[in-house]
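Visitor: Add chains B and C to chain A, keeping to what the hints say.
Residue numbers (my numbering), protein chains in the order written: chain A, 262 to 532; chain B, 29 to 279; chain C, 47 to 281.
Don't take each hint at face value.
The calculated DSS-like cross-link candidates involving lysine-lysine, where the alpha carbons are at most 30 Å apart (straight line), are [unchecked claim]: (1) K145/B / K95/B; (2) K489/A / K310/A; (3) K95/B / K277/C; (4) K277/C / K128/B; (5) K166/B / K277/C; (6) K408/A / K463/A; (7) K128/B / K145/B; (8) K408/A / K327/A; (9) K327/A / K342/A.
Reference listing, derived: stretches of chain B covered by chain C, where coverage requires no fewer than 3 residues with Cβ under 8 Å from a Cβ of chain C [what the hints assert, rightly or not]: (10) 124-133; (11) 142-154.
No lab work stands behind these hints: they were computed from the structure.
Since this is a predicted model, take the numbers as computed values, not measurements.
From the three backbone atoms N, C-alpha and C, an ideal C-beta is built for every residue, glycine too.
Here's the letter readout for the chains.
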Amino acid sequence: MFAKHVTATALALVIGGGAWAQEAIIVQSTTSTANSGLYDYLLPIFTDKTGITVNVVAVGTGQAIKNAENCDGDVLLVHAKASEEKFVADGFGTERTDLMYNDFVVVGPAADPAGVAGMTDVQGALAQIAERGALFASRGDDSGTHKKELQLWAESGVDPTSASGEWYRETGSGMGATLNTGIGMGAYVLTDRATWISFENKQDYTIAVQGDEDMFNQYGVIPINPAKCPSVNVDAAQSFADWLVSAEGQEVIAGFKVADQQLFFPNAPQN
Amino acid sequence: MSDAVAMPHSLTAPSEDRAGPLSLDVRDIVLRFGETTVLDGLSFALGASGCTMVMGANGSGKSMLLKLLHGLMEPSAGHISWGGYAPQEVTARQALVFQKPVLLRRTVAANIDFVLKTRGKDRARVTALLDHVGLTQKADQPARLLSGGEAQRLALARALATDPEVLFLDEPTASLDPASVLAIERSVSDARDRGVRIIFVTHDVGQARRMADDVVFLHRGRVAEHSPSTEFFAGPRSSAARDYLNGRIVV
Amino acid sequence: MQSISEAFGLALALVLSGDADLIEIVLLSLRVSLTATVVACLIGLPIGALVAIARFRGRNAVLIVMNALMGLPPVVVGLLVYLYLSRSGPLGFLGLLYTPTAMIIAQTILIAPIVAALSRQVLEDLHAEYADQFRSLCLTRVQTIQALLWDARYSLLTVGLAGFGRAVAEVGAVIIVGGNIDHLTRVMTTAIALETSKGDLALALALGIILLVIALCVNGAVQSVRMTAVKQAYV
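So here's chain A without its partners, still in its complex pose (with noise of 0.2 Å):
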């Protein structure tokens, strides 16, 4: 009997698990998008009109590409373009289409210890970090702010990984991660601004440096080319790429805001 019992109970548990949507593509994303709360907003909206069901895996950028390359997903959302140009490239996607941007700031404590706050030349500001010493906490996980960030520090002159363990921290973790572990520490961050503005764990922290036009930060979108991974649903991944960069999706994408703030600018070519 007990035997018995328990082995049914597997089995309606496992067969129970098969139900699957009919159409359903996923989205290999950053989790600076799916955090600021962008898909709950656009995707219900998608699916309505198409019926296509979109599940996103929110990574790092790194690891997106690379679970994308594995053929694990059919539509790749990130913000690295030199990384998804080479993808493309490689022959992993089919065609990287410029979405949207938004822009990365670097938050920092009111005590302000590197003295930076209010600056718009962000070269400059990381240079003050690094020579006043303060903390800086980096994601380190080879994310699309990840490789912005060290972009930056090399565009300033400064090479940060020599302080690692010192000033200088590398989380190895996400974005919201590495806020939580920085505003611990009382360290300066560079995270995109959606992300900071959905963040709710500022405690006394404001952004620090803004506005400087290297700090844009692009998105675009890939659908993963079939010739490369057969599993790829390409009729729906290829409607929801054009969805996204069409008139309607770049509206959907500019009509959304947190705390009345728009998070993403919409700036795909329009024909």
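Guide: Chains B and C only, in chain A's frame:
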């Protein structure tokens, strides 16, 4: 409890074809654990039927002897033959009732059913076997909540469920209530009368007098005396057995 | 500290409001972890029983490996399962990655060694009591294992609980193979991780409190079954 004469047919299984009667021949067996010698060149022989009581002081190796005869242990030296078979070859034709009954964590009836099922016997016999040991009322109770006497009667019923040709009992009635002692003795006598070979370890001299056809008396790892019951209790030939019966401790 | 008192209030509010998303996440957590526990028992118990009664060369080495596997890091299990179930992996054709089934597989691998190692100890102790009786009854190895598993069933419930506890509490494996996809593979622990990364510590903690209460309920249910069994001397 049913009478031996009125015993329902279903208590015993239809007799099966079995090769040869199990007469016992024990030659010079030695049992050692490291430095300790428990049995030291022990020899005796028994016929294929009857009730033999094995007696002797504590530590004389009686329980070990039963395990050796039943094939649960190997002697360090010597030879045991059951009508030409080694003990391990005939374990399934025998049953052992342990001093402390090992009952499964199930109901009383399920303990018997388990044996009937695993041994491929007729499972309808549960009722008759329970009735035989007077546990019908307790059939659906957890076996491990039985009193000592009830537990041992259940262990006996379970042993009988295997239709053994040889039934070993290792002090089964030690510290039991008199009613249970009587019930067990009657049941064992029934089995003996049906031709089951009984080998019964006991310290209870009265019990030995009531049950025994013959007595094997162990002393210092050897058979000190093996006599018919009447002779043994009329006047033991060995001084060890005499001391034992007179209540003097023999080491 | 403010987050903590806020979390209790939030947890209560979430539960009382019968939040649909919360119910979905809780049910998926239970479905994934209970299924993994059942499957892990179907795999782990026979192995534990076999090792409990068998005597063979290298048995000690097997025991050490079994015990060591209890400490498998969830993230490593998740990674291994990911590599197998990935479209580019050997089992990619099954299309299981980012499904509850993948999460069940990962958790099963994680806790089957726990079930095997702990049940081995339980069954070996019971076998020490039964061994002579079983040999007297000439039980086959399979009959012995069946009888031990049945008679130890209530002790083994606790073993199953230990496995369930680890499964329902882990995040490292399910977040990799499940992907924490909303309405598809989001469970309590991955939701907690997500809310933490959003900086919504109060909500994360509230979910944690609810998870703890669920674990308490499951343990309480099993404990009451056990207590009944103890009364009947079945344990």
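Visitor: Can the restraint linking K166/B and K277/C be considered satisfied, given a maximum Cα separation of 30 Å?
Guide: It holds: about 16 Å lies between the C-alpha atoms, which stays within 30 Å.
Visitor: Would you check the hint for K489/A and K310/A, treating anything up to 30 Å between C-alpha atoms as holding?
Guide: With a Cα-Cα distance of about 29 Å, the restraint between K489/A and K310/A holds, given a limit of 30 Å.
Visitor: Counting residues of the segment 142-154 of chain B that have a beta-carbon nearer than 8 Å to any beta-carbon of chain C, does the count reach 3?
Guide: holds (count 4)
Visitor: With a C-beta cutoff of 8 Å, work out whether three or more residues of the segment 124-133 of chain B approach chain C closely enough for the coverage to hold.
Guide: holds (count 5)
Visitor: Has the given pair, K408/A with K327/A, been kept, meaning a C-alpha gap of at most 30 Å?
Guide: Given that 30 Å is the threshold and the Cα spacing comes to 15 Å, the pair holds.
Visitor: Quickly compare the C-alpha distance for K327/A and K342/A to 30 Å and report which way the hint goes.
Guide: Roughly 15 Å separates the two Cα atoms, so the pair holds.
Visitor: Does K145/B sit within 30 Å of K128/B, going by the straight-line distance between their CA atoms?
Guide: Distance of about 23 Å is within 30 Å: holds.
Visitor: Quickly compare the C-alpha distance for K277/C and K128/B to 30 Å and report which way the hint goes.
Guide: Holds. K277/C to K128/B sits at ~21 Å (cutoff 30 Å).
Visitor: Take a quick look at whether K95/B and K277/C sit within 30 Å of each other, Cα to Cα.
Guide: 33 Å, violated
Visitor: Can the restraint linking K145/B and K95/B be considered satisfied, given a maximum Cα separation of 30 Å?
Guide: Within the cut-off at roughly 24 Å; holds.
Visitor: Hey, K408/A versus K463/A, does the alpha-carbon distance stay inside 30 Å?
Guide: Within the cut-off at roughly 24 Å; holds.
Going down the numbered hints, you'll see the structure goes against just number 3.
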